[in-house]
Amino acid sequence: MSEELNNSQMVEQYDVVVVGGGAAGLSAAVTLGRALRSVLVIDAGEPRNAPATGVHGFLSRDGINPRELLALGRAEASQYGAEVVAGTVVAARSTADPTAGAELAFEVDLADGRTVDARRLLVTTGLTDVLPDIDGIKERWGRDVLHCPYCHGWEVRNKAIGILGSVPMALHQTMLFRQWSPNITLFLNDVVEPTEEEWEQLAARSITVVDGKVRSLDVTDDALSGVVLASGKVIPVEAVVTGPRLQARSAVLESLGIPSVVHPMGVGTHVEVTPQGATSMPGVWAAGNVTDLTGQVMASAASGVMAGAAINADLMVEETRLAVDAARLSAVSR
Numbered sequence: 068m069s070e071e072l073n074n075s076q077m078v079e080q081y082d083v084v085v086v087g088g089g090a091a092g093l094s095a096a097v098t099l100g101r102a103l104r105s106v107l108v109i110d111a112g113e114p115r116n117a118p119a120t121g122v123h124g125f126l127s128r129d130g131i132n133p134r135e136l137l138a139l140g141r142a143e144a145s146q147y148g149a150e151v152v153a154g155t156v157v158a159a160r161s162t163a164d165p166t167a168g169a170e171l172a173f174e175v176d177l178a179d180g181r182t183v184d185a186r187r188l189l190v191t192t193g194l195t196d197v198l199p200d201i202d203g204i205k206e207r208w209g210r211d212v213l214h215c216p217y218c219h220g221w222e223v224r225n226k227a228i229g230i231l232g233s234v235p236m237a238l239h240q241t242m243l244f245r246q247w248s249p250n251i252t253l254f255l256n257d258v259v260e261p262t263e264e265e266w267e268q269l270a271a272r273s274i275t276v277v278d279g280k281v282r283s284l285d286v287t288d289d290a291l292s293g294v295v296l297a298s299g300k301v302i303p304v305e306a307v308v309t310g311p312r313l314q315a316r317s318a319v320l321e322s323l324g325i326p327s328v329v330h331p332m333g334v335g336t337h338v339e340v341t342p343q344g345a346t347s348m349p350g351v352w353a354a355g356n357v358t359d360l361t362g363q364v365m366a367s368a369a370s371g372v373m374a375g376a377a378i379n380a381d382l383m384v385e386e387t388r389l390a391v392d393a394a395r396l397s398a399v400s401r
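Each number in the working numbering comes from the position in the sequence shown (counting from 1) with 67 added on.
Since the hints were derived computationally from the structure, they do not count as laboratory data. Backbone N, C-alpha and C fix where the C-beta goes; we use that ideal spot for every residue, glycine too. Among the hints, erroneous ones may be present.
Claimed, not checked - Ranges of calculated distance between the beta carbons of each label pair, as one might list FRET restraints:
(1) E321 x D200: 20 to 28 Å
(2) V399 x A169: 35 to 43 Å
(3) A158 x S400: 38 to 46 Å
(4) S298 x G124: 37 to 45 Å
Unchecked claim - As a list, the in silico DSS-like pairs of lysine-lysine whose alpha-carbon atoms are at most 27 Å apart:
(5) K300 x K226
(6) K280 x K205
(7) K226 x K280
(8) K226 x K205
(9) K300 x K280
(10) K205 x K300
Using the sequences plus the hints, can you model the full thing?
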């Protein structure tokens, strides 16, 4: 990946600047590059799934290392003329003349002082997993501390799995992971309070329930071996499932006046968009986990393709309008 923009690039106006070089951003860049658009992808190099050993549920690429997938994506985007550079975008703003019929335009500011211009923006900055404040969770995250059964369930099938009560959806996670293992323990952690009906469900599925606050995780030979309660008691497990709070990385969008809102499922914050990724601000799109908190990698890639196609169509409409205006003006002047 290029490390910096040279001077000639800095004064150029791209058709589209994509903020974020994950599956969504790179898929959009491929789509736009194939549409003969000039595209710049600015990537901070902080993929959410970096701790994971493999990407799952991605047809033809199941198990691929996340960074290898991104390297392949950058190569494909570059093949179609897209530029991919390292950098952190801190803000963006509209520079369009407010008069009726003016072309949309934006400036994008990077942390190192660089600025680039764009006709359209696509923000694919993803989300941050805000983990429970329990010793060992962060260090084991993406390895044997997990959250998604469809991402990791196969890898821990038939193992002793502990479900950490940290979010309201812990009981839902418990029932889901029971599909992959008969050895499930739910740690209430002074957070989860099952209803009568839920106690009946837990008993019917032979799920062990442990009361009391969780203090930390026990690790042996670099492998998770147990959950430590505040009492000091250790419950043996081989994997732990927790539900992080999912927080959209929405600072760039918020600098444009596009807010993040609480997700309807109560799992965190996201940015609302149309089915094709358009935000509330003309000329600005968003795709991937910044809008879809529960989307897996393939879903994020698909949303990038959709947004890329929508942006290209929007540019086409503007170019057609400008061409018609120019033709009318030429006809009047003759």
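Status of each hint after checking the structure:
| no. | hint | verdict |
| --- | --- | --- |
| 1 | E321 x D200: 20 to 28 Å | holds (26 Å) |
| 2 | V399 x A169: 35 to 43 Å | violated (20 Å) |
| 3 | A158 x S400: 38 to 46 Å | holds (41 Å) |
| 4 | S298 x G124: 37 to 45 Å | holds (39 Å) |
| 5 | K300 x K226 | holds (20 Å) |
| 6 | K280 x K205 | holds (18 Å) |
| 7 | K226 x K280 | holds (23 Å) |
| 8 | K226 x K205 | holds (21 Å) |
| 9 | K300 x K280 | holds (11 Å) |
| 10 | K205 x K300 | holds (21 Å) |
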